[in-house]
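Engineer: In case you want the letters, here they are:
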Amino acid sequence: MTTSPAFVASPTIEVNEVSKWFGQKVAVSNVSCSFGPGITGLLGPNGAGKTTLLRMMAGLSRPSRGDLRVLGTNPRRDTAVFQKVGLVPEDDAVYTFLTGRAFVEYGATLAGVRNPSSAAAHAITAVGMDDAADRNIEGYSKGMRQRIKVAGALVNDPEVLYLDEPLNGADPVQRVRLIELFHRLAGEGRTVVVSSHVLEEVEKMANRVIAMVDGRLAAAGDSAAIRAAFTDIPYRVRIEADTPRQLGSALLEQDVIRSVEVLDGTLHVQTQDLGELGRLLPGLAQSLDIRLTMMQPEDLSLESVFRYLVHGR
Amino acid sequence: MTRILAIIRVTVYQLVGRRRSIGLLVLAAAPALIMLLVGYNTSESEALEFFRTGALPLVLGVTTPIISIILGSGSLGDERSAKTISYLALRPIRREVIAAAKLGAAWLASFLVAGMGALLTAAALGLTAGSWGELFGLMVATAITSLGFVAVMQVVGYITDRAVVIGLAYLLIWEGIVTGAADQVATTSIWRMGASAYAGIVAGDHWGEAFGLEAQVVRDLRDLLSGVAPGAFGAAAKVLGIAIVSVFVLGYLMRDRDLVS
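Respectively, the protein sequence lines represent chains R and Y.
Just add 40 to the spot in the first sequence (first one is 1) and you have the working numbering.
Just add 116 to the spot in the second sequence (first one is 1) and you have the working numbering.
Note that these hints are calculated values from the structure, not bench results.
Treat the hints with care, as some may be off.
[What the hints assert, rightly or not] Simulated pairs of lysine-lysine, DSBU-like, Cα-Cα distance not exceeding 35 angstroms:
id, chain 1, residue 1, chain 2, residue 2
1, R, Lys65, Y, Lys199
2, R, Lys65, R, Lys124
3, Y, Lys199, R, Lys244
[Stated by the list, open to error] Residues from chain R shown here face chain Y by an in silico Cβ test under 8 angstroms; the list is partial:
id, residue
4, Thr119
5, Ala151
6, Gly152
Positions of the beta carbon are idealized from the N, C-alpha and C atoms, including for glycine.
Can you make the complete structure from the sequences, with help from the hints?
Structural biologist: Structure (structure tokens):
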């Protein structure tokens, strides 16, 4: 048994050296990991390969190389596995001419559920869509469409649930309810894989995270470990003040500062603890009677953070 | 069976429950309007001759193929472009069953629209020339033609987003020009399969065949058939063969190719 954080002891989904390319473009490169009961977050910036990996795991697309097993079987070959699988795709993949109830019932019928009407009603209640279930999906908001997709994925009572950006379009109240629902499903022993590019979102849902960037596995482990890895990254911060050189000298004496540079009258500071810098800077400026006009991280995008994790730059 | 019926129901609704069905119905009714105009201004025999040489090729060679190309391309093509295919495909159903249900739905939708046009065209002949004997033959021919085109176009629609353009080019070049000019390949023409079924049904058990004589309808359609032998069963067998191949090819493609891009 491996001790790598990318693998779990009792996997329901196994990804072995999987790659996927589209012509010259490599979307997923030699990824190996596994997923088990509970919620696992698949985290990464847009274009990292999360959706491609999720689609391969769901059986929607075929790996160009490597092997993939879901509940011990290849989802591309054995359609019976779909009895136990549910997917909420990122796309707006709904039949807009159907009512929400008809949409979910259709899914139940296709899945061979014994009593489609009852199963659909149960799934609709679980996502809090009872009031709007008999309206055409065409008139739904983005958040409602998202919830009806979740109901459509839950209707066959899946053991494995794939959620691709499931909170897109949901308002704060709906977000909380959906997250509670996902936690409940995971608590029942299901494998829930949530793909998202928002770290805070994943942290709320998943206790285990697999981070991807540029099609490769960037990091894996529990949410706290991933967050800790993020805080070790040096950030560049742009500070504008009336006397930048004086402020720069004072900042250099602080432990959290790695380097200071003044370019065209603007201070560029590198720090390892963005939060601490934010806390100490106003007090420091005040004590030196310096007027601060701006403090802005130069590159705080998730893409840059992930790139640093992978490439060290 | 419940699953197949569910797929058929949703697909038919998806294909003909839209605004485009109005345009397709107008297209389907065009030959009937022409037949009505011609029928009122000519003798009964001239009206019947026009029906066989003018309205019939318009129904079987133009309107039914166009309707079938559009609806056949859309049956799985629409699901792929709208990404709803994941909702359909990630279910414990064999790919061939999905393909067969989709084909059945697209055929039904196509026949609902094209068949309406055929019915109106035959009715226009009946009203103007008093000849109602062509109705059954034309309906069967329309069903056969639409099945053939839908079966081919469902595969094309799954593979490419430009299926309708490809289908129309195929209709013009292969079905319209090549198979009309070369008798050797005329048997591959889908609309002529429909026409041969019509000719076979209308000719019926023509007594003159025993003496080597052709039925009038076969003489009327000789140029259109381009050497294809009249016969409903042969035509039906051919399009059924195309439909079966289509189902298995689609089943293979759905397994082998990515369902979403």
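Engineer: Decide if the proposed pair is consistent with the structure: Lys199/Y and Lys244/R, CA atoms, cutoff 35 angstroms inclusive.
Structural biologist: holds (28 angstroms)
Engineer: Take the shortest C-beta to C-beta distance between Gly152/R and chain Y; is it under 8 angstroms?
Structural biologist: holds (6 angstroms)
Engineer: Starting from Lys65/R, check that the Cα of Lys199/Y is at most 35 angstroms away, please.
Structural biologist: holds (21 angstroms)
Engineer: With a cut-off of 8 angstroms on the beta carbons, see whether Thr119/R makes it to chain Y.
Structural biologist: Since chain Y brings a Cβ to about 5 angstroms from Thr119/R, closer than 8 angstroms, the hint holds.
Engineer: Report holds or violated for the interface hint on Ala151/R, using the least CB-CB distance to chain Y and a cut-off of 8 angstroms.
Structural biologist: Nearest chain Y Cβ about 5 angstroms off; hint holds.
Engineer: Lys65/R and Lys124/R were given as a pair; does the straight-line alpha-carbon distance stay at or below 35 angstroms?
Structural biologist: holds (32 angstroms)
When each numbered hint is compared with the structure, no violation occurs for any of them.
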